[in-house]
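Visitor: Chain residues, written in single-letter form:
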Amino acid sequence: MVVLNDRPWNMEAKAHLLNDRITPNKYMFIRNNGKIPEAIDLKTWTLKIDGEAVSQPKSYSLNDLKTKFQQYTYQLTLECGGNGRSEFNPPAKGNQWTVGAVSCANWTGIRLRDLLDDVGITSNAVYIGYHAADVHLSGDPTKEPISRGIPLNKALQEETLLAFKMNGEDIPLAHGYPLRLVCGGWPASTSGKWLNGLSVRNKVHDGAKMGGSSYRVPCETVAPGSKVEEDDMCIIESMPVKSLITAPKSGALLKGGKSLNISGHAWAGELNVSQVSYSTDFGGTWQNCELERPVNRLAWQHFKATINFPKTGYYEIWARATDSNGISQPMVLPGWNPKGYLNNACHRIAVKVV
Amino acid sequence: MEQNFQKQIKALTGMLLAFFGAIVVLIGGLLYLKSNPKAFNGPKKETIVPLETVAEDFDKIENGIHVATGFVADEHMELVVQNCTSCHSAKLVTQNRMSKAGWQATIKWMQETQNLWDLGLNEEKIIAYLSKNYAPKQQGRRQNLSDIEWYELEK
Numbered sequence: 000m001v002v003l004n005d006r007p008w009n010m011e012a013k014a015h016l017l018n019d020r021i022t023p024n025k026y027m028f029i030r031n032n033g034k035i036p037e038a039i040d041l042k043t044w045t046l047k048i049d050g051e052a053v054s055q056p057k058s059y060s061l062n063d064l065k066t067k068f069q070q071y072t073y074q075l076t077l078e079c080g081g082n083g084r085s086e087f088n089p090p091a092k093g094n095q096w097t098v099g100a101v102s103c104a105n106w107t108g109i110r111l112r113d114l115l116d117d118v119g120i121t122s123n124a125v126y127i128g129y130h131a132a133d134v135h136l137s138g139d140p141t142k143e144p145i146s147r148g149i150p151l152n153k154a155l156q157e158e159t160l161l162a163f164k165m166n167g168e169d170i171p172l173a174h175g176y177p178l179r180l181v182c183g184g185w186p187a188s189t190s191g192k193w194l195n196g197l198s199v200r201n202k203v204h205d206g207a208k209m210g211g212s213s214y215r216v217p218c219e220t221v222a223p224g225s226k227v228e229e230d231d232m233c234i235i236e237s238m239p240v241k242s243l244i245t246a247p248k249s250g251a252l253l254k255g256g257k258s259l260n261i262s263g264h265a266w267a268g269e270l271n272v273s274q275v276s277y278s279t280d281f282g283g284t285w286q287n288c289e290l291e292r293p294v295n296r297l298a299w300q301h302f303k304a305t306i307n308f309p310k311t312g313y314y315e316i317w318a319r320a321t322d323s324n325g326i327s328q329p330m331v332l333p334g335w336n337p338k339g340y341l342n343n344a345c346h347r348i349a350v351k352v353v
Numbered sequence: 000m001e002q003n004f005q006k007q008i009k010a011l012t013g014m015l016l017a018f019f020g021a022i023v024v025l026i027g028g029l030l031y032l033k034s035n036p037k038a039f040n041g042p043k044k045e046t047i048v049p050l051e052t053v054a055e056d057f058d059k060i061e062n063g064i065h066v067a068t069g070f071v072a073d074e075h076m077e078l079v080v081q082n083c084t085s086c087h088s089a090k091l092v093t094q095n096r097m098s099k100a101g102w103q104a105t106i107k108w109m110q111e112t113q114n115l116w117d118l119g120l121n122e123e124k125i126i127a128y129l130s131k132n133y134a135p136k137q138q139g140r141r142q143n144l145s146d147i148e149w150y151e152l153e154k
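Keeping their order, the protein sequence lines are chains A and B.
When we follow numbering that gives the first Met the number 0, the leftmost residue of the first sequence carries the number 0, and every step to the right adds one.
When we follow numbering that gives the first Met the number 0, the leftmost residue of the second sequence carries the number 0, and every step to the right adds one.
Read the hints as simulated data drawn from the structure, not as lab findings.
Keep in mind it's a predicted model, so treat the numbers as computed, not measured.
Incorrect hints may appear among the rest.
DSS-like mimics (lysine-lysine), calculated; alpha carbons at most 27 Å apart, straight line [stated by the list, open to error]:
#1 A/Lys-338 - B/Lys-131
#2 A/Lys-208 - B/Lys-90
#3 B/Lys-59 - B/Lys-107
#4 B/Lys-107 - A/Lys-142
#5 A/Lys-226 - B/Lys-99
#6 B/Lys-136 - A/Lys-338
#7 A/Lys-208 - B/Lys-99
So that you can see chain A by itself, here it is in the shape it has in the complex (with noise of 0.2 Å):
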């Protein structure tokens, strides 16, 4: 793992560490925006409802949420929106993500529109915003670091939980224990961390990060560099077609033989993926892998190829994933935008065959 930042925490895993089918807790990576919550005490722990669009706040302790509702467990991918920053030229500020803020891992919880359809909405919602226990970085108790949410069309999926377990254990601390909203496909901004409200409104939730240059990009291209209003930004919401190349690790010397076995993921936000190929002359190129289907909706989807290369040398490979609507990922950096968002360029890693 890398630590990108240790004030908040901020820490990726290095595409091999990626693997396995299912990411487990300790390669998961991490994006907080404030300081972790302490002394958490669950007796005490209530997630409250409110806003402009609900018949009347209510709150919930997390045994009433873990006894109240049918719990579902789904494989979701959680991608930070910024994975990928470090390419953006002119370089976009913020943490330098580079291949490994992604991650699909099992999380079990109740769905929140059963929550919300127990709340009782007025049909005037529009959006659902969370709010966390986490700590503004000046320590500023009236603060918070961040309060994203969703539309409700995604509220109202049927993999939107709320969630209580990760990999069939309580959520890691640095992962949201004990609650986090969970919303696969979309920024992992979107799956707020150490949940105790929700607010139902009746416009675009305008918590922390959801204006600015905050996981918004440019509502029309622009050209690199360009200084773009604040009206002219639109949020991100699912995630692009896009493929991680997990077997072998970058920089593998093959000798004495001439093939390979390659393998990674590919997810494509609210979209399935229905084909991803490999490239070694650098796009010139392409063969289909062999790719399977998601155990879920808004699970990665398991790649694997088999490698005969023609005479020794240095190579790359490129994995390349389309989606279901037959968008592919570009092979150079996508477009540019303020904060370096969305780069969902070709995976590749260095191999000698010598």
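Following the hints, complete the assembly by docking chain B onto the known chain A.
Guide: Only chain B this time, still in chain A's reference frame:
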């Protein structure tokens, strides 16, 4: 005179020892984290302490880098340390590259939304330090793969 010299040597040796001690603690912490990635798993706060170890000799400069923070040693660095690292890690600064206007906008954003105080006359000096030592460089649309650690793949 010779006694003075010996004193200086002694003082230097002491500083060096303290410095190496701090490095050992830091490496130990990193190794611990590497071999115990589960350090992040438990719901206990104290498990993430090892990385926060700070070098004992705070003023130590090595190869042009301020060891305790990782900042480039240059004029006005101390202002950056004072004003930028009380809320967040120096890593949030050193991993970024921005023009003068970019750093200025970042400071303005922190003042408007993150409770950063008025930097007064120091603002210009801080921006001068940042835009000189952490300036953007052209890297094109895709760079060569770098830092490849070659290894023999076992079949």
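Visitor: Indicate, hint by hint, whether the structure satisfies it.
Guide: Hints, verified against the model:
| no. | hint | verdict |
| --- | --- | --- |
| 1 | A/Lys-338 - B/Lys-131 | 21 Å, holds |
| 2 | A/Lys-208 - B/Lys-90 | 21 Å, holds |
| 3 | B/Lys-59 - B/Lys-107 | 31 Å, violated |
| 4 | B/Lys-107 - A/Lys-142 | 17 Å, holds |
| 5 | A/Lys-226 - B/Lys-99 | 14 Å, holds |
| 6 | B/Lys-136 - A/Lys-338 | 17 Å, holds |
| 7 | A/Lys-208 - B/Lys-99 | 24 Å, holds |
Going through the hint list in order, the structure does not satisfy hint 3, though it satisfies all others.
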